[in-house]
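Hey, can you work out the whole structure from these sequences and the hints?
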Amino acid sequence: MIRKPLLRVENLSKTFFLHEQNKVIPSSSQVNLSVYSGRLTALIGPTGAGKSSVLKSIFRTYLPSSGRLLYETTAGATLDLALASEHHILELRRQEIGFVTQFLHTLPRQKTLDVVAMPLYQQGIDRTEGRTRAAELLTELNIPERLWEVPPATFSGGEKQRVNLARGLIASPRLLLLDEPTASLDASTTDRVVALIQRKKAHGTGMLAIFHHADLVQRLADDVVELAVPAANT
Amino acid sequence: MNKILEVKGLSQVYGPGCTLCFTSTGPEFETNICPHCGSIVALHDLSFDLYKGEILGIMGESGSGKSTAVKCLYFDQMPYSGSAIFYDESEQQPLFKLNPAQRRSLRNHRFGMVYQNPNLGLNFDISAGGNIAERLLMSQVMNYREIRERARELLARTEVLTERMDELPKNFSGGMQQRVQIAKALATQPPLLFLDEVTTGLDLSVQAKILDLILEIQAELDTAMIVVTHDLGVIRLLAGRTLVMKYGRVIESGLTDQILEDPQHAYTQQLVASAL
Numbered sequence: 068m069i070r071k072p073l074l075r076v077e078n079l080s081k082t083f084f085l086h087e088q089n090k091v092i093p094s095s096s097q098v099n100l101s102v103y104s105g106r107l108t109a110l111i112g113p114t115g116a117g118k119s120s121v122l123k124s125i126f127r128t129y130l131p132s133s134g135r136l137l138y139e140t141t142a143g144a145t146l147d148l149a150l151a152s153e154h155h156i157l158e159l160r161r162q163e164i165g166f167v168t169q170f171l172h173t174l175p176r177q178k179t180l181d182v183v184a185m186p187l188y189q190q191g192i193d194r195t196e197g198r199t200r201a202a203e204l205l206t207e208l209n210i211p212e213r214l215w216e217v218p219p220a221t222f223s224g225g226e227k228q229r230v231n232l233a234r235g236l237i238a239s240p241r242l243l244l245l246d247e248p249t250a251s252l253d254a255s256t257t258d259r260v261v262a263l264i265q266r267k268k269a270h271g272t273g274m275l276a277i278f279h280h281a282d283l284v285q286r287l288a289d290d291v292v293e294l295a296v297p298a299a300n301t
Numbered sequence: 004m005n006k007i008l009e010v011k012g013l014s015q016v017y018g019p020g021c022t023l024c025f026t027s028t029g030p031e032f033e034t035n036i037c038p039h040c041g042s043i044v045a046l047h048d049l050s051f052d053l054y055k056g057e058i059l060g061i062m063g064e065s066g067s068g069k070s071t072a073v074k075c076l077y078f079d080q081m082p083y084s085g086s087a088i089f090y091d092e093s094e095q096q097p098l099f100k101l102n103p104a105q106r107r108s109l110r111n112h113r114f115g116m117v118y119q120n121p122n123l124g125l126n127f128d129i130s131a132g133g134n135i136a137e138r139l140l141m142s143q144v145m146n147y148r149e150i151r152e153r154a155r156e157l158l159a160r161t162e163v164l165t166e167r168m169d170e171l172p173k174n175f176s177g178g179m180q181q182r183v184q185i186a187k188a189l190a191t192q193p194p195l196l197f198l199d200e201v202t203t204g205l206d207l208s209v210q211a212k213i214l215d216l217i218l219e220i221q222a223e224l225d226t227a228m229i230v231v232t233h234d235l236g237v238i239r240l241l242a243g244r245t246l247v248m249k250y251g252r253v254i255e256s257g258l259t260d261q262i263l264e265d266p267q268h269a270y271t272q273q274l275v276a277s278a279l
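Sequence lines, in order, name chains A and B. First residue of the first sequence: 68, per my numbering; consecutive thereafter. First residue of the second sequence: 4, per my numbering; consecutive thereafter.
Calculated lysine-lysine pairs in the DSSO-like style (CA-CA distance at most 30 Å, straight line):
{"no.": "1", "chain 1": "A", "residue 1": "K178", "chain 2": "B", "residue 2": "K55"}
{"no.": "2", "chain 1": "B", "residue 1": "K212", "chain 2": "A", "residue 2": "K178"}
{"no.": "3", "chain 1": "A", "residue 1": "K227", "chain 2": "B", "residue 2": "K212"}
Just so you have them, the derived chain B footprint on chain A, three or more residues with Cβ under 8 Å:
{"no.": "4", "stretch": "144-156"}
{"no.": "5", "stretch": "172-179"}
Hints in this document: simulated from the structure, not taken from any laboratory. The beta carbon of each residue, even a glycine, is placed where N, CA and C say it ideally should be.
Structural data, given as structure tokens:
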């Protein structure tokens with residue numbers, strides 16, 4: 068069966084130019100990969116190979132330096148995320164592309180339930196339903212109920228990570244970018260996360276993920292892409 | 004996605020102006036004073052689109068032209084050149100071609116402004132409630148009881164103690180004055196709100212509450228906002244997209260997370276690197 072990828076990254080490179088030091092810092096170099104609906108592509112390689120830069124370029128937190136990021140929209144058109152308008156990117160972020168970053172960034176003082184439900188609110192789902200679904204997901208990820216009405220600022224690293232993951236998964240995005248979503252979790256919590264990611268895959272979400280442990284790549288990845296450190300960085 | 008505002012080539016010059024003003028000022032000349040005629044080019048060639056419910060940040064240091072931009076759009080001053088179209092439901096309003104009565108009507112009904120200095124946005128000689136009543140009266144709400152009820156609701160919404168609605172705002176703290184200003188701006192439920200350095204000079208805890216309030220309003224009313232600030236934290240918290248200005252020009256624009264994590268221009272890199 069030949070399936071059309073949800074996302075095709077072609078020859079993506081990202082370099083940074085630091086004006087103050089008049090210096091070019093290469094990050095990702097000539098990256099090619101595909102992400103399919105209902106499958107997980109794992110991005111592996113040593114530190115400095117630009118794995119996170121690939122994810123950030125796709126999400127447009129970074130401006131790609133060259134290459135194409137061809138995304139199949141719900142309407143069946145192909146959109147180059149590198150060139151799409153800012154409003155279009157914001158709309159995609161609201162509706163279909165999710166990103167679980169390494170660190171949880173939230174609005175200060177926002178309660179955990181609302182942090183998790185935010186992607187639903189942005190899609191116009193009301194607070195009651197949003198909070199109910201957030202509670203279900205937090206239960207599944209073993210976040211105790213006493214923490215739900217508290218902002219996650221004071222949570223442990225592992226708790227924050229699960230809140231972050233819950234927020235990324237709640238809206239079942241079409242494309243989900245995961246940057247080390249299980250780095251600070253214990254074995255039993257990791258099992259819960261694995262089960263959840265598998266369920267979202269079965270639900271049709273296409274994922275591109277960076278994992279800390281080879282073990283997780285084995286358990287979750289359908290495709291593996293290895294990046295090398297760009298020549299100028301070694 | 005509905006466009007609410009389209010600004011094209013907005014420029015402002017203070018002084019006589021000459022044909023060389025625009026080509027001899029700007030970031031590459033590190034000045035906004037024209038060496039030929041001495042005019043100040045406060046703003047040159049600002050263009051952007053704003054969508055319903057969107058928050059756009061305009062960031063830059065003092066004198067970069069960011070406040071001039073919103074002052075032109077709110078008709079506090081008329082620009083030197085450029086155009087702006089306000090898409091008001093089914094109507095298109097070319098802002099700088101309207102007559103004074105039409106401009107006043109937009110200001111009173113469809114736009115809201117919150118200034119850094121509450122003195123500019125509030126009448127200090129009448130009560131907090133009276134300030135709101137004034138705006139409601141201008142939009143043809145005439146019934147005394149209805150006006151008082153609306154004023155009370157708005158002040159409660161912005162967390163101003165309603166027992167104090169008959170006091171003069173000059174007796175309020177800075178944070179409270181800003182809340183009254185926000186309540187006043189929101190009185191007519193405008194689809195477009197301008198916020199000019201609204202948290203500058205306030206205590207951190209007060210700033211936080213004002214920012215929370217702004218986000219709640221945006222979520223509740225789907226108000227489009229232009230937020231002018233020199234504070235990266237405010238931009239990070241509020242704005243989906245950001246324009247960075249220097250010497251009256253936009254030197255960089257993009258998604259806010261991109262501006263903060265992958266700034267392209269030397270000046271923006273320096274700003275982001277020096278943020279606490």
